[in-house]
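> Listed below are the residues making up each chain.
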Amino acid sequence: MGIVSPGFHGRSRAGDGRLPPGQYLTEDFPVLSAGPTPRIAPADWEFTVTTENGQAHRWSWRQLLALPAQTPTVDIHCVTRWSKLDTTWQGVSLDTLLAEVETAADFALVHSYGGYTTNLPLEDLLDGQAWIAYRYDGDDLPAEHGGPARLLVPHLYLWKSAKWVRGIRLLVQDEPGFWETLGYHDYGDPWREQRYQGD
Amino acid sequence: MLEVPGWPGHLPGQHLDVRLTAEDGYRTARSYSLAAPTDGARVELTVQRLPDGEVSPYLTGVLAVGDPVELRGPVGGWFVWRPTDSGPVLLVAGGAGIVPLMAMVRARRTAGIGTPFRLIYSVRTPDEVYYADELRRPPTGDAGLDITFVYTRVAPDGWPRPPGRLDVADFDSGGWPAESDPSCFVCGPTGFVETAAHILVALGHDPHRIRTERFGPSGG
Numbered sequence: 659m660g661i662v663s664p665g666f667h668g669r670s671r672a673g674d675g676r677l678p679p680g681q682y683l684t685e686d687f688p689v690l691s692a693g694p695t696p697r698i699a700p701a702d703w704e705f706t707v708t709t710e711n712g713q714a715h716r717w718s719w720r721q722l723l724a725l726p727a728q729t730p731t732v733d734i735h736c737v738t739r740w741s742k743l744d745t746t747w748q749g750v751s752l753d754t755l756l757a758e759v760e761t762a763a764d765f766a767l768v769h770s771y772g773g774y775t776t777n778l779p780l781e782d783l784l785d786g787q788a789w790i791a792y793r794y795d796g797d798d799l800p801a802e803h804g805g806p807a808r809l810l811v812p813h814l815y816l817w818k819s820a821k822w823v824r825g826i827r828l829l830v831q832d833e834p835g836f837w838e839t840l841g842y843h844d845y846g847d848p849w850r851e852q853r854y855q856g857d
Numbered sequence: 018m019l020e021v022p023g024w025p026g027h028l029p030g031q032h033l034d035v036r037l038t039a040e041d042g043y044r045t046a047r048s049y050s051l052a053a054p055t056d057g058a059r060v061e062l063t064v065q066r067l068p069d070g071e072v073s074p075y076l077t078g079v080l081a082v083g084d085p086v087e088l089r090g091p092v093g094g095w096f097v098w099r100p101t102d103s104g105p106v107l108l109v110a111g112g113a114g115i116v117p118l119m120a121m122v123r124a125r126r127t128a129g130i131g132t133p134f135r136l137i138y139s140v141r142t143p144d145e146v147y148y149a150d151e152l153r154r155p156p157t158g159d160a161g162l163d164i165t166f167v168y169t170r171v172a173p174d175g176w177p178r179p180p181g182r183l184d185v186a187d188f189d190s191g192g193w194p195a196e197s198d199p200s201c202f203v204c205g206p207t208g209f210v211e212t213a214a215h216i217l218v219a220l221g222h223d224p225h226r227i228r229t230e231r232f233g234p235s236g237g
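In order, the protein sequences belong to chains V and E. So our numbering is basically just the index in the first sequence, starting at one, shifted up by 658. So our numbering is basically just the index in the second sequence, starting at one, shifted up by 17.
Since the hints were made in silico from the structure, they are not lab data. Honestly, I wouldn't trust all of these hints.
Among chain V residues calculated to face chain E with C-beta under 7 Å, some are [unchecked claim]:
id: 1; residue: Val662
id: 2; residue: Ser663
id: 3; residue: Gly668
id: 4; residue: Arg669
id: 5; residue: Tyr682
id: 6; residue: Val689
id: 7; residue: Leu690
id: 8; residue: Ser691
id: 9; residue: Ala692
id: 10; residue: Gly693
id: 11; residue: Pro694
id: 12; residue: Arg739
id: 13; residue: Gly841
Distance windows between CB atoms, simulated [said to hold, decoys possible]:
id: 14; chain 1: E; residue 1: Val82; chain 2: V; residue 2: Thr706; range: 53 to 59 Å
id: 15; chain 1: V; residue 1: Tyr854; chain 2: E; residue 2: Arg66; range: 23 to 29 Å
id: 16; chain 1: E; residue 1: Leu19; chain 2: V; residue 2: Asp686; range: 25 to 31 Å
id: 17; chain 1: E; residue 1: Ala219; chain 2: V; residue 2: Asp847; range: 36 to 42 Å
Partial selection, computed: residues in chain V whose CB lies under 8 Å from chain E [what the hints assert, rightly or not]:
id: 18; residue: Ile661
id: 19; residue: Pro664
id: 20; residue: Gly665
id: 21; residue: Phe666
id: 22; residue: His667
id: 23; residue: Gly680
id: 24; residue: Pro688
id: 25; residue: Thr695
id: 26; residue: Thr738
id: 27; residue: Gly772
id: 28; residue: Gly773
id: 29; residue: Glu802
id: 30; residue: Leu840
Every value quoted in this text rests on a predicted model; they were computed, and no experiment measured them. Where is the CB? At the ideal position from N, CA and C, for every residue including glycine.
If we strip away everything but chain E, and leave its shape as in the complex, we get:
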């Protein structure tokens, strides 16, 4: 949670750039999606710690309350949902890809509108669900949001769907039919996004109604 005096506000789905500077002047930067809708000067990020990462171990392990952080934003005008947008929405998240989609879910809740939302959230194991409490026990403001969890490696005991990767059946049961003409937002690692977008197109969704954001480790 960052306090950013003068923050101009942002749209759900946008991100910002965080820049770190070492004492010798070395600098590097990374982009992180905003996890919550505009809330004055308060800006929330959810950062996935990558064991080999250059920036995420610092942000999740070293940065302390009161430390300064240099950032730039908001960035991004495409992968955005506005509460004034009409029509049903399909959110498809893989792992940490849930972050910008969570901003959309929370914006919908804050705005108090009942736009039909369906979320398909794919993770490897039940332990890896971000915002677990919020998504498993949704607040009243989330009425009209349907959530389908897809576990790819380990599912909870008694879970009706055996563990396995996202496939057409998950979209048939948890998504919208193409005739509903939903706005689709797909976010996660590139392989996941490739698969999910491909399935949506195969099911008849207009590619122009599908917005994608791919992220994850850069390997650098």
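Isolated chain V (complex conformation):
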């Protein structure tokens, strides 16, 4: 079991069973980022999926909003240990966006306005596991939380849910993104507590 901390009692254990190991529940929605918040006007916003052959599929803001949207309710888990349950979003499923995209790639490198990147297997973006989300908790997604739109992939630690998403490159070979290059785990499954490389 690890060292017992003499005199430590901890708080009442809310949300047990739904919290991955090492996480605690928050009612807040903490903001973490590597740098300043990018500000992008919807009129300037574009989302591009580029295949391994260089073929580009592009959506403008208006085109994104015209696509069939879903309203997932999901639990989110940050690698800094907070978890938030039953968060509500509105966005377009990656299944919808990738439906017309022809690819033999296995990996995705997601990139954001401001330069952030993160990588994950393509299959983790499919089958109802991911959205390009533009509304949170009944409102437009605030810039601090990734607005105008962010990737939402709740089954992985939240650093994979790239804020200010700009595009996805489909790759035949995996390429580590920003935090992955700095020592965070390549995959990031909260249920296996994959926080850092080597976990």
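Starting from the known structure of chain V, arrange chain E on it as the hints suggest.
Just chain E now, with coordinates in the frame of chain V:
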């Protein structure tokens, strides 16, 4: 101050994770920035006690000399300053955000280098300044470090700047102009970081030269 046999050393700005285990096996963990540069097996943390906190009241009130603590680290490769880095540095701290920036100040002092540093440190009242003696009466090794205190609620008597939140004027007088191309490190509660980073970008600093670290109570 923790004694950590086998500590591999760390870079200024990094943090570590402290994990507590109750007798029934319940565990929880939190991250804390390292307050001082590498010093063998000695590791210094500065912990802000949050009245509703789960971990900080334990660390600041219950943990006693000789007690064991489980930790993991160092963590963090981004919000880091190395004494070998060239170019002027701007440190912007809000409240407890001073901690990792203090590690950078102390590393500069220990390394004996004169890299130009400017620190803008925002706190609510003069009583809330961490490392008060060290920052108000800097040692000789801190020559070339300019410090500007910004008081947001209560300022000392006769203080030239009336109390108020951080604004553009504070950066004009206490920061570097964009042309100096400083490395900027901003740390504190998220609202503070948002404001400070926004001002820096508005003043023409390249966003890629601005590194931020946000912390504070989790609300959990």
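> Are there hints from earlier that the structure breaks, and if so, what are their numbers?
Of the numbered hints, all hold.
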